[in-house]
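*Asks:* Chains A and B, in that order, are what the protein sequence lines are. Going left to right, the first sequence walks through residues 1 to 242 as full-length UniProt numbering numbers them. Going left to right, the second sequence walks through residues 1 to 818 as full-length UniProt numbering numbers them.
Do not take every clue at face value.
As the list claims (entries may be wrong) - Label-pair ranges, simulated between beta-carbon atoms:
hint, chain 1, residue 1, chain 2, residue 2, range
1, B, Q77, A, G160, 46 to 54 Å
2, B, I5, A, G76, 26 to 34 Å
3, B, R434, A, L104, 29 to 37 Å
4, B, P584, A, K90, 33 to 41 Å
5, A, L104, B, N706, 34 to 42 Å
6, B, N706, A, K107, 51 to 59 Å
Bear in mind the hints are in silico, worked out from the structure with no lab data behind them. In this text, all values refer to a predicted model and were calculated from it rather than measured experimentally. Don't be surprised by glycine CBs; every beta carbon is placed ideally from N, CA and C.
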Amino acid sequence: MNGDTSAPPANQDAGSRPALSRGGGVAWPVSSQRNTTVVHIKVSRSSSLVVVVVDDDVFLISSFQMQFMLLFSRQGKLRLQKWYVPLSDKEKKKITRELVQTVLARKPKMCSFLEWRDLKVVYKRYASLYFCCAIEEQDNELITLEIIHRYVELLDKYFGSVCELDIIFNFEKAYFILDEFLLGGEAQETSKKNVLKAIEQADLLQENIDFQMRLFAASRSSVGVMTAYEDLLLLRSSTRCM
Amino acid sequence: MPAPIRLRELIRTIRTARTQAEEREMIQKECAAIRSSFREEDNTYRCRNVAKLLYMHMLGYPAHFGQLECLKLIASQKFTDKRIGYLGAMLLLDERQDVHLLMTNCIKNDLNHSTQYVQGLALCTLGCMGSSEMCRDLAGEVEKLLKTSNSYLRKKAALCAVHVIRKVPELMEMFLPATKNLLSEKNHGVLHTSVVLLTEMCERSPDMLAHFRKLVPQLVRILKNLIMSGYSPEHDVSGISDPFLQVRILRLLRILGKSDDDSSEAMNDILAQVATNTETSKNVGNAILYETVLTIMDIKSESGLRVLAINILGRFLLNNDKNIRYVALTSLLKTVQTDHNAVQRHRSTIVDCLKDLDVSIKRRAMELSFALVNGNNIRGMMKELLYFLDSCDPEFKADCASGVFLAAEKYAPSKRWHIDTIMRVLTTAGSYVRDDSVPNLIQLITNSVEMHAYTVQRLYKALLDDISQQPLVQVASWCIGEYGDLLVSGQCEEEEPIQVTEDEVLDVLEGLLVSNLSTPVTRGYSLTAIMKLSTRFSGVNRIKKVVSVYGSSIDVELQQRAVEYNALFKKYDHMRPALLERMPIMEKTATNGPTEIIQTNGETEPSAVEPKHPPPVTQPANQANDLLDLLGGNDVVPVIQTTMPTKPASAGGELLDLLGDLSLTGAPAPAPAPSSQPPFLLDGLSSQPLFNDIAAAAIPPMTAYNKNGLKIDFTFERANPNPNIAVITIHASNSTEADMTDFVFQAAVPKTFQLQLLSPSSNVVPALNQGSVTQVIRVLNPQKLRMRIKLTYTHKGSPVQDLAETAALELHGKQQSI
Numbered sequence: 001m002n003g004d005t006s007a008p009p010a011n012q013d014a015g016s017r018p019a020l021s022r023g024g025g026v027a028w029p030v031s032s033q034r035n036t037t038v039v040h041i042k043v044s045r046s047s048s049l050v051v052v053v054v055d056d057d058v059f060l061i062s063s064f065q066m067q068f069m070l071l072f073s074r075q076g077k078l079r080l081q082k083w084y085v086p087l088s089d090k091e092k093k094k095i096t097r098e099l100v101q102t103v104l105a106r107k108p109k110m111c112s113f114l115e116w117r118d119l120k121v122v123y124k125r126y127a128s129l130y131f132c133c134a135i136e137e138q139d140n141e142l143i144t145l146e147i148i149h150r151y152v153e154l155l156d157k158y159f160g161s162v163c164e165l166d167i168i169f170n171f172e173k174a175y176f177i178l179d180e181f182l183l184g185g186e187a188q189e190t191s192k193k194n195v196l197k198a199i200e201q202a203d204l205l206q207e208n209i210d211f212q213m214r215l216f217a218a219s220r221s222s223v224g225v226m227t228a229y230e231d232l233l234l235l236r237s238s239t240r241c242m
Numbered sequence: 001m002p003a004p005i006r007l008r009e010l011i012r013t014i015r016t017a018r019t020q021a022e023e024r025e026m027i028q029k030e031c032a033a034i035r036s037s038f039r040e041e042d043n044t045y046r047c048r049n050v051a052k053l054l055y056m057h058m059l060g061y062p063a064h065f066g067q068l069e070c071l072k073l074i075a076s077q078k079f080t081d082k083r084i085g086y087l088g089a090m091l092l093l094d095e096r097q098d099v100h101l102l103m104t105n106c107i108k109n110d111l112n113h114s115t116q117y118v119q120g121l122a123l124c125t126l127g128c129m130g131s132s133e134m135c136r137d138l139a140g141e142v143e144k145l146l147k148t149s150n151s152y153l154r155k156k157a158a159l160c161a162v163h164v165i166r167k168v169p170e171l172m173e174m175f176l177p178a179t180k181n182l183l184s185e186k187n188h189g190v191l192h193t194s195v196v197l198l199t200e201m202c203e204r205s206p207d208m209l210a211h212f213r214k215l216v217p218q219l220v221r222i223l224k225n226l227i228m229s230g231y232s233p234e235h236d237v238s239g240i241s242d243p244f245l246q247v248r249i250l251r252l253l254r255i256l257g258k259s260d261d262d263s264s265e266a267m268n269d270i271l272a273q274v275a276t277n278t279e280t281s282k283n284v285g286n287a288i289l290y291e292t293v294l295t296i297m298d299i300k301s302e303s304g305l306r307v308l309a310i311n312i313l314g315r316f317l318l319n320n321d322k323n324i325r326y327v328a329l330t331s332l333l334k335t336v337q338t339d340h341n342a343v344q345r346h347r348s349t350i351v352d353c354l355k356d357l358d359v360s361i362k363r364r365a366m367e368l369s370f371a372l373v374n375g376n377n378i379r380g381m382m383k384e385l386l387y388f389l390d391s392c393d394p395e396f397k398a399d400c401a402s403g404v405f406l407a408a409e410k411y412a413p414s415k416r417w418h419i420d421t422i423m424r425v426l427t428t429a430g431s432y433v434r435d436d437s438v439p440n441l442i443q444l445i446t447n448s449v450e451m452h453a454y455t456v457q458r459l460y461k462a463l464l465d466d467i468s469q470q471p472l473v474q475v476a477s478w479c480i481g482e483y484g485d486l487l488v489s490g491q492c493e494e495e496e497p498i499q500v501t502e503d504e505v506l507d508v509l510e511g512l513l514v515s516n517l518s519t520p521v522t523r524g525y526s527l528t529a530i531m532k533l534s535t536r537f538s539g540v541n542r543i544k545k546v547v548s549v550y551g552s553s554i555d556v557e558l559q560q561r562a563v564e565y566n567a568l569f570k571k572y573d574h575m576r577p578a579l580l581e582r583m584p585i586m587e588k589t590a591t592n593g594p595t596e597i598i599q600t601n602g603e604t605e606p607s608a609v610e611p612k613h614p615p616p617v618t619q620p621a622n623q624a625n626d627l628l629d630l631l632g633g634n635d636v637v638p639v640i641q642t643t644m645p646t647k648p649a650s651a652g653g654e655l656l657d658l659l660g661d662l663s664l665t666g667a668p669a670p671a672p673a674p675s676s677q678p679p680f681l682l683d684g685l686s687s688q689p690l691f692n693d694i695a696a697a698a699i700p701p702m703t704a705y706n707k708n709g710l711k712i713d714f715t716f717e718r719a720n721p722n723p724n725i726a727v728i729t730i731h732a733s734n735s736t737e738a739d740m741t742d743f744v745f746q747a748a749v750p751k752t753f754q755l756q757l758l759s760p761s762s763n764v765v766p767a768l769n770q771g772s773v774t775q776v777i778r779v780l781n782p783q784k785l786r787m788r789i790k791l792t793y794t795h796k797g798s799p800v801q802d803l804a805e806t807a808a809l810e811l812h813g814k815q816q817s818i
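Starting from the given sequences, assemble the full structure and let the hints guide the process.
*Replies:* Dropping the structure here:
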């Protein structure tokens, strides 16, 4: 898959500009005062290389970004997947399978990082669940561990000492929390409180609509009103919506 | 229609499944129900059904048929529907499907919705999976939201802008006005995402980078506030105030300060403060320190600061946490080029990491150790690395061995040390070294003339210990063949000479010939060595006997070699001393040519690139060489040279050499008259039907090969209208009870012919003659032709390789009968 990761080092030779533009990249002028060209080169399916050419100096740029996040159990069952790069289903499955195997094969005392294809994989086990993030070469592995930890804390706060079953049965909630914490592979909120507040309010919004629906349905039958209220109470505790 | 079961209930049911098949059955049933519900356009339960589908999707089942339903949910007015709809869209859709474009309008509406949570969902989806078309259409909305006062939307809009810029870089300038007030924001979420956005813009455009350099003081102030301010519960992580934001700011400072003196100057102080004041007992603190170190190394920082940074990494190396050690090794590897001496100070700690149990750390430590090797420490470092090579996992051996070779070549303090080191690698990791290490070592040995006696003695001793490491055995055989006289004369200045007799040496070499540890290549080396010794040792009779015994070896290569050497004894004895003279000092490039040819031939076995004599003088010999090399990597080049003096440079000699026809009867095959070659017409002919006239096949079919159950028949046709082209169809059949897989048929003909092999019908020869593989060969200018064929295949799991030669094919003079 990463067959063409060894792209020619473009920064060594300023004269290679025409060749770079030919290599499938999109060239466009940034501003007219200086002769600046930005070329995007697809290095592998998951990462692209940006080459900026100003006059004759060539800068190589690669953006930092989390590529994907996977949660899987010790048995290798996928519990959550979030992809921040567009990949086909087949590729996603292949990557997941390979990565799950590699991570599960590692001994508990080993370090949390592994180099895998052209990416760095940061993983950490919490009880029976593995949290696994793929980041790029230049990214800070240690802060990625903190991001994983923060997500676990959020789950824990939300579910109240979270366990694997909570995530299985409320997987959509786990996604909602993740989407409130990370966006496009970057953390959007550094305060735990704010994330949880947002989730709770969104839940409330959902419940209110749900509740109105139920009341409406219940009003047609004489038995229903009480059950609707009971349902609401249940809903608040287990945040059951469907 | 009854209400579909609830999501939790479905999950519970699926979890009761005991087998994969049971689970699949349940899911199929539920999918059918969901499909029919979708078909009925049921709005009440669509949300529930899509949620169930998402669960099945996570289990690995197809869920694409829910894509459109997600879009319908997004368009719904209910928040629950929208929430699940957007979630489903992010999971089931991406920019590869055109369907996603149908969302654009819905997202646009939702971005202008009155509820911030709906707006948030739309922003999140756009920032996660928006394609470039979508980004172009919606960038305006994102920009508007980036300017709102609502921090919940503002932070999401900032990250969305990052995504838009990644997808469509030319939209970057559009967000420039909105960035003005971003850093004066109090909310950490907005601050954090703004820094991400600024980073993205600076990385993508040098103009933006120059523009944002003025923000350095502001960033420094924010960072200072973070580390100086007291405890703030909202953003505290084990005693550190908002590490996420700190790391991001440090990263942006790194980009802004890179190759810019003023900015670097402005951030020196704060970097020093962060580096000294950060609490390091927890991972968060180390994450910040790590980012600080990277920034210090990247910008134009003061030398004192750089030393501080390297020392932080040195402290990291001693940390108990493996993750921290790993990070330290990775970053030291990055800085080793620029701050070599500073890194050098931590050498012993780095070398200690070679003994770590974790492979990730070991690998990093190995790379770093090789980077630290220089002329001063080579002896000590190599000792450690050779020890590592000895004990490490197989996955490291190849890299480590080639690292040792490279370092030894670069910094070897003496020739003797160099030779010792390479020999040590070959003895410990012989089977992992690259193919070219054998010729490289041989070349190194020949070039150090004064070391010959020492080397041959060392190698001889190594042979006595162990004959299983093939590369070592090959080098040893070669050296004993060349310098056997030095070995028995017992002259060695470097170490205590050993006493060996000629018979003992021959015993060892003959042992190699019969040992089943030896590969065919090794046997070839060993036979040649024995032959070479015939001019260096006093007794020749024993050598003659060995050589003649192998004249009937079942290994074609060995046999050919032995037969030729035998002829050398009998017919050309007067030339033998001259032919078997010691090899001249070799040019390194001399071995390159044949190596490449062998590689193109797809040889995987250790190549037997016999160091060649100086380039042959005559052209035909060269051609014959190439053909032989093409045919099989095992051919030994000197064979041809031995025949050169007797056969003048004629086409006949060439054919003779090629076919290895130095027969004992001494009757050479009639040399074909050197004919002017007709123009090469194969290209023009490729459109012609191959088998246009079966009746024209006037040449009787023949069996070219029949061994081990594999039978290869040739049938012949002449392609009309050009009588100069013969079409040979091969039929390979297999009479054993197991299939032959990976079947490859190769053929070589002398240069006066042109041969084209078309692709085979299959590469598996079915067992019990249940079918055959056919392959078409076209020969231009056919005459009386002998063909050498090479067969490789896998039979019952083991690879088989064989060479054969066909009887003379009577392809000429048949034109009349066609």
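*Asks:* Tell me the hint numbers this structure goes against, listed in increasing order.
*Replies:* As far as the earlier hints go, 1, 4, 5 are violated by this structure, in ascending order.
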